[in-house]
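Listed in order, the protein sequences are those of chains C and E.
Last residue of the first sequence? That's 307 in this note's numbering, and every number before it is there in order.
Last residue of the second sequence? That's 346 in this note's numbering, and every number before it is there in order.
Calculated directly from the structure, the hints in this document are not laboratory data.
Computed from a predicted model, the values in this text were never measured in an experiment.
From the three backbone atoms N, C-alpha and C, an ideal C-beta is built for every residue, glycine too.
One thing to keep in mind: the hints can contain errors.
Which stretches of chain E does chain C cover? Using the computed rule of at least three CB atoms under 8 Å from a CB of chain C, they are [stated by the list, open to error]:
# : stretch
1 : 97 to 103
2 : 158 to 171
Listed next, the stretches of chain C that the computed footprint assigns to chain E, with coverage defined by at least 3 CB atoms under 8 Å from CB atoms of chain E [stated by the list, open to error]:
# : stretch
3 : 65 to 71
4 : 103 to 114
5 : 227 to 234
From chain E, some residues computed to sit far from chain C (all C-beta separations above 12 Å) [as the list claims (entries may be wrong)]:
#  : residue
6  : Gly44
7  : Gln53
8  : Leu66
9  : Pro88
10 : Val93
11 : His127
12 : Asp130
13 : Ala215
14 : Asp256
15 : Val279
16 : Arg311
17 : Val316
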Amino acid sequence: MHSLRSILAAAVAALALAAPAQAAAALRVITTTEGLASLAREVAGDRAQVESLSRGVQDPHFVDANPILAVKLRAADLLVDVGLDLEVGWLPPLVNQSRNAAIQPGGPGRLTAGGLVGLLDLPTGPVDRSRGDLHPAGNPHVLTDPRRALQVAQAISLKLGELDPAGAAVYADRTAGFTRRLQADLARWQAELKPLAGRKVLTHHRTLSYFFDWTGLQSAGELEPRPGTPPPPAHLASLVTLARREGVKAIITENYYDTRSDDLVARLSGARVIVIPGDVGGDPQARTYQAYLELLVRRVVEGLR
Amino acid sequence: MRTLLLAGLVGFGLAAHAAQAQEGHAVPPPGGANPLARLLLMPDLSAIASFAAVLDGYEVGALSPRDGPQGPSGKLTFLFQELEVGLQAVIDPYARADVFISFTPAEVAVEEAYLTTLGLPAGLQLRAGRFFSPFGRLNPTHPHTWDFLDAPLARGRLLAAETLAGPGLDLSWLAPLPWFVEVHLAAQSTAPYGGEERLTGVGRVSQFFALSDATTLGLGLSAARRDEGTGAARDLAGVDLLVKVRPPAGRAYAKLEGELYTRRYRGAAVPTDGGDGWGAWAQLFWRQDAYLGYGVRWERAPAGGGAAPGTEQRWSAVGDWFLTEFQRVGLQVARSERPGGADGWEAVLHAGFILGAHGAHPF
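Isolated chain E, as found in the complex (with noise of 0.2 Å):
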């Protein structure tokens, strides 16, 4: 069917082809710059913009309170979410240097400015600036590498109210074994829900195996231990688990993944964002070609703001259009089922895009 679209369309455009290749149409050559400017010792510089549509069924701020687009009940409404700015350079023979700052309509802030050693003996490598906490698969990424347009509901209520970062040193070890092992061991001050900035020790340790040519498996174990003061403690714990299967010739693959985050607070009062608590999200997304992917996701977390107490639940369903590797445009529809039958839909319509030399992103 869509080869008989494309030969009809193709047929249409011959005929107007014809008239504009008699004529000799031919567009000049343009002149001007250095085709090798990146070479120049400049960094690698990018912006990558976000802007969504929201239409939501519910007051999301105050009855699922998060992260993310959001709106009015019932009223359309157009956000400008985030530049961010990336310079990206190996700065000496010893170090690279990663530096994002976030442009929102509440703030400029710097998400990340680390250095990154290059050549430490033993398979060690160290991190030091402000960076995301090395603490489970999701909230080290940016939300541009996201299937989906927001977090899970879990990371806002147990880790951060956005991400769980701060500065310090993360010092990693990729370990002499044949699967893929790397341990962390940061120390960063975090404030995770704004506030006093405390001393905060993280642990990962993650392994990926090759279960075939196509396949790979992924697991993950993260803790933290956050300083409340006066001998009193905040602990995290996570497990994340990734499934990915991408046949070597092509571009389709089909992703399953998902994390477990739990919070229990040790020793003293419990502050106010929040108790002891666990959440969980799962999600599996199909790319199927370089252009079009969907995704379904479930989450599960301890419900917030105005809700009842009890927990929350939702459903999200994506479909990713990637009209080139730097223009994106997706729809995503959410479904919150909330304590007390508190219901309702959430829909965005997002579209972002890349400009300038941007890393590779993470697996």
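Pulled out of the complex, with its shape left as it was, chain C reads as follows (with noise of 0.2 Å):
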């Protein structure tokens, strides 16, 4: 009896070691990307435990619906999400099989960014898979804008203060104080990125709209055909043709995708491939937001000088 109760015992310590450390924290927040995490961790600080379903490596469209990420909504008292179908390949199977009735769509615990801020790339006319796998929607990766990432934290403070009000007060005004740190780093950015305003970029996939829009870039194209589609040697020459003719001096591309089509066509036209990190934590350097929006700027300035 007594070797089976220092099983037990011995049983119970090993589960209480296993489990992920919980911090005194009032809530548990989940994030489907990285970057929503890094905002939910400046507005949040100890107060909540934030936790990313996907790496800052990973293609957000491609993540496996893997069940141990359901294991981490289960307990979840928020779920951030980005929506517009980025998520849509693995998430709701997931929060289906999490069993957490208050992350589900439109449940007191979900907050989804990508309403939350002024959309671009919404098609028009007739939405079909002839134009390959868009998000009818609009585009989802609106975190590329240090605007509306400001705007998303703002929206994640005000959940976390309906969920604990308590924190209410701390969690706007640590949010205050992340607004002035970033709107400080977005004045030297911006300062940066001024002589680059009208420069055309093409891009892998359609990713930089937000950036773009912010940094007065502009697009001259992608890589991608159509969006999810792969380059047809057709497409690339075409890519040339436009690169040489409207003076396209860089191809950008995040650092999960192959960059075979983009070399070549940077080859051929004498444009530069930047690679950057899809997200926070796609590269050792931009382990929170403000310096993921770092190393973007960095990048893209480096990159067009």
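With the hints as a guide, bring the two chains together.
Below you can see the structure in the form of structure tokens.
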């Protein structure tokens, strides 16, 4: 009997060790992307335990619906997702599997960030997949614009205040501090980017519409002829012609894409390939949202110099 | 080499494109539909079509009977396999519904139609309706999600001619543990090889462990007992394994998975659909990138049909080309070894497409 008790005690201890460290946080926040997680950490500080389902090195369209992620969602007080069908291929079954009613779409513990900012690339005309795997409700890559990121941070702050009224003032203070810090950087970044306004660049996927909206850079097109489709040689040829004609000096691509097509177009057109992290955590230097934006701006400025 | 070839093609394309560019060629934007149509309370609607061309080196239907694409020996045969229509939506604040209707040359059938609760307490979830039994890895899934182009022999010989399924209730529980542990208890009426529907109890425990950022281990145990009347029962047991290695950056992965099933009858004469026995399958699938995947599979099952009693073994190799997320072409070649040296080759070329909004596939 004594030995059985010892075994049970050891098993409980092992389980406790295996469980993620639970700080004295009031809330548990799960986000779909590292960018959203970074914003949530800025807002919540120690009052929330924040974790992202995807990694910054991952293409957020194609995360596996690994049941282990449902375990993270099971105890979430708040799920922050981008929406706009960015996570449609993997998040819905995980939410269903989590059995967490609060984080269902429209639930009290769900915040969908994409619907909170001014959207770009809303398709006009018939929406079908002859146009590729597009996002019918708008481009979901909203966090490449720090102004929109601040709107998302504000929304997270308000949501956390609803879920944890005792911490509402803390969230508001932290959000104000984050806003001040980011706006200071924003002014510096804008000064660095100002000479580049109007310059045309190519991207691999249409991920930088919001960055262009902020910086004044212009998109000359994408390596993917339609979202989610690989570039055939004729399309690459058209891009080489276009790049020469329009004076395109750079092809910007996230580091989770295969860059062989980008390299080829760059070689034949005289442009340069700029590889950027896809999100916070997509590069060792991009550990926070500010660091990610800093790196994004630096790579683009240096690449277009 | 591939880059050189691509460079050559691009060079050729450049000349052609120059003329087009000079003409100022542009595609005018189309006009009309509402881009937010999906948000207007419509369920997700999808249709998944499967077609095949088969060339078998022996009479598969007689010597190795099974569900799946097959044709007369030595004759190239084109097949329309199935059109699966899916309707999926959250129907009210309490439940979602998933309905899959299968159109085949033989019949139109409701494959699955069930409600799933959204907010039961204590990690519980209830499914009610007609559904694939939560037994093993493969049985609860639809064929278009498989890496290979047909089901392993063992499933058809030991569980059910097509899929073990039926109307009933499935109560599941997600255990409050740091890794994924899900327990299912289901009661259904099933008719695995046609005939009378009889009460079947199914239990399953599945677990998933993250061995690293890239590697996931899945283990499952399943058991089922079907009432065979007059105190008799058919017992099924299964164990399944998955090891998936997918580095977070990129689309490539390798997946090793397999299942072992056993069947045993208790208390009565053995029904005509086979006696006690066991079978297994194991496969390795490598997804090279977003577009290409390759796999090999081994199977073992009790021989069926006109084959001599004993064990049938089969080796298969498959190559899949995913043109986009919505189109797939696959080529599978298999060699079946049956008792008495009656071996034979099979080849299947498959094409399938998905239209509409279809729910994410299981892990």
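Each hint, compared with the structure:
Remark: the stretch 97 to 103 of chain E is confirmed as covered by chain C, as 4 of its residues place a Cβ nearer than 8 Å to a Cβ of that chain, reaching the required three. By the rule of at least three residues with a Cβ nearer than 8 Å to a Cβ of chain C, the coverage given for the stretch 158 to 171 of chain E holds, with 6 such residues. By the rule of at least three residues with a Cβ nearer than 8 Å to a Cβ of chain E, the coverage given for the stretch 65 to 71 of chain C holds, with 5 such residues. Restraint check on the stretch 103 to 114 of chain C versus chain E: 3 residues with Cβ-Cβ distances below 8 Å, three needed, restraint holds.
Counting residues of the stretch 227 to 234 of chain C whose beta carbon lies closer than 8 Å to any beta carbon of chain E gives 3, which meets the minimum of three for the stated coverage. The Cβ of Gly44 (chain E) lies farther than 12 Å from every Cβ of chain C, with a closest approach of about 36 Å, so its non-interface assignment holds. Distance check on Gln53 (chain E): its Cβ is at least 32 Å (rounded) from any Cβ of chain C, clearing the 12 Å threshold; non-interface status holds. Once the 12 Å rule is applied to beta carbons, Leu66 (chain E) is consistent with being away from chain C; the minimum gap is 18 Å.
Distance to chain C confirms Pro88 (chain E) as a non-interface residue, since its nearest Cβ pair spans about 27 Å, more than 12 Å. Non-interface status of Val93 (chain E) relative to chain C is upheld: no Cβ of that chain comes within 12 Å, the nearest being about 21 Å off. Look at His127 (chain E): its CB is around 15 Å from the nearest CB on chain C, clear of 12 Å, so calling it non-interface holds up. Distance check on Asp130 (chain E): its Cβ is at least 14 Å (rounded) from any Cβ of chain C, clearing the 12 Å threshold; non-interface status holds.
No beta-carbon of chain C is positioned within 12 Å of the beta-carbon of Ala215 (chain E); the least distance is around 36 Å. Chain C leaves Asp256 (chain E) outside its interface by the beta-carbon criterion, the shortest separation being 33 Å against a cut-off of 12 Å. For Val279 (chain E), the shortest C-beta to C-beta distance to chain C comes to about 22 Å, beyond the 12 Å cut-off, and the non-interface label holds. Look at Arg311 (chain E): its CB is around 14 Å from the nearest CB on chain C, clear of 12 Å, so calling it non-interface holds up.
Listed as outside the interface, Val316 (chain E) is consistent with that label: its C-beta sits roughly 26 Å from the nearest C-beta of chain C, beyond the 12 Å cut-off.
Hint violations for this structure: none, all hints satisfied.
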